[in-house]
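Enquirer: Sequence:
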Amino acid sequence: MSKITRLVFASHNPGKLKEIADMLQPYRVEVLSAAELNLPDVEETGKTFEENARLKAETLSRMSGLVCLADDSGLCVDCLDGRPGVYSARYAPDRDFDKGMDMLLTEIAATGDQARKAHFSCVLALADPNEGKTRIFEGRVDGHIQEKKTGSNGFGYDPIFVPEGYEKSFAELTSGEKAKISHRGRALQKFLQALA
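Sequential numbering of the sequence shown, starting at 11, is according to the working numbering.
Bear in mind the hints are in silico, worked out from the structure with no lab data behind them.
All residues carry an ideal CB built from backbone N, CA and C; glycine is no exception.
There are no misleading hints in this set.
The calculated lysine-lysine pairs, modelled on DSBU-like cross-linking and capped at a C-alpha distance of 35 Å, are:
| id | residue 1 | residue 2 |
| --- | --- | --- |
| 1 | K57 | K28 |
| 2 | K109 | K200 |
| 3 | K57 | K200 |
| 4 | K13 | K28 |
| 5 | K127 | K158 |
| 6 | K159 | K57 |
| 7 | K28 | K190 |
| 8 | K109 | K127 |
| 9 | K200 | K178 |
| 10 | K127 | K190 |
| 11 | K158 | K178 |
| 12 | K57 | K143 |
| 13 | K190 | K178 |
| 14 | K109 | K178 |
| 15 | K178 | K28 |
| 16 | K28 | K159 |
| 17 | K200 | K127 |
| 18 | K57 | K158 |
| 19 | K13 | K143 |
| 20 | K26 | K57 |
| 21 | K109 | K190 |
| 22 | K57 | K190 |
| 23 | K127 | K57 |
| 24 | K57 | K178 |
| 25 | K127 | K159 |
| 26 | K28 | K127 |
| 27 | K28 | K143 |
| 28 | K200 | K13 |
| 29 | K26 | K200 |
The following label-pair restraints were derived from C-beta to C-beta distances:
| id | residue 1 | residue 2 | range |
| --- | --- | --- | --- |
| 30 | Q203 | A120 | 34 to 44 Å |
| 31 | S162 | A119 | 15 to 25 Å |
| 32 | G175 | K200 | 19 to 29 Å |
| 33 | R100 | E157 | 16 to 26 Å |
| 34 | K143 | D108 | 33 to 43 Å |
| 35 | G122 | K13 | 48 to 58 Å |
| 36 | L47 | M113 | 31 to 41 Å |
| 37 | R16 | D112 | 32 to 42 Å |
| 38 | R150 | D112 | 18 to 28 Å |
Please model the entire structure based on the sequences and the hints provided.
Expert: Below is the structure:
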């Protein structure tokens with residue numbers, strides 16, 4: 011992989027952007043957001059996390075002429091047959107994750123499932139216009155959905171997800187603690203190994 015000093019991150023989500031920028035800071039990679047470059051949100055028409063990540067990375071790399079890193083990630087709940095999955099952001103009405111979590115907790119409670127097993131998946135796609143290829147990096151973290159929201163760190167469904175081996179939700183962990191074990195952190199570690 012050619013040396014990367016600057017890339018555009020295909021997201022308008024400030025939480026995700028900060029997480030990625032913080033992780034790439036030691037590698038002296040300047041991270042620009044899609045919003046900074048007036049690039050649009052790419053519609054996620056794929057049926058898998060990889061299809062969506064690839065679509066976003068390749069589209070915005072073409073539009074900007076820059077190396078583009080895109081992610082698609084979501085929460086997959088076992089008792090809901092893997093939903094909301096690739097539709098995690100759209101599951102929340104108007105992307106209001108507070109309402110989305112309430113809906114999800116109600117839906118899970120209705121199944122009567124006691125284990126409440128779930129996992130977060132993340133696929134990162136890196137499209138490099140100089141190489142003309144896209145690389146894929148995947149990460150996953152298993153855990154369960156707790157019965158109520160706790161914590162105020164993080165974003166999305168973090169307040170209801172407890173990672174395996176922990177008694178705190180993602181939203182109760184520091185950003186450093188979360189980065190070490192999160193789905194995005196694990197996918198990014200694979201990307202950083204390739205970067206190194």
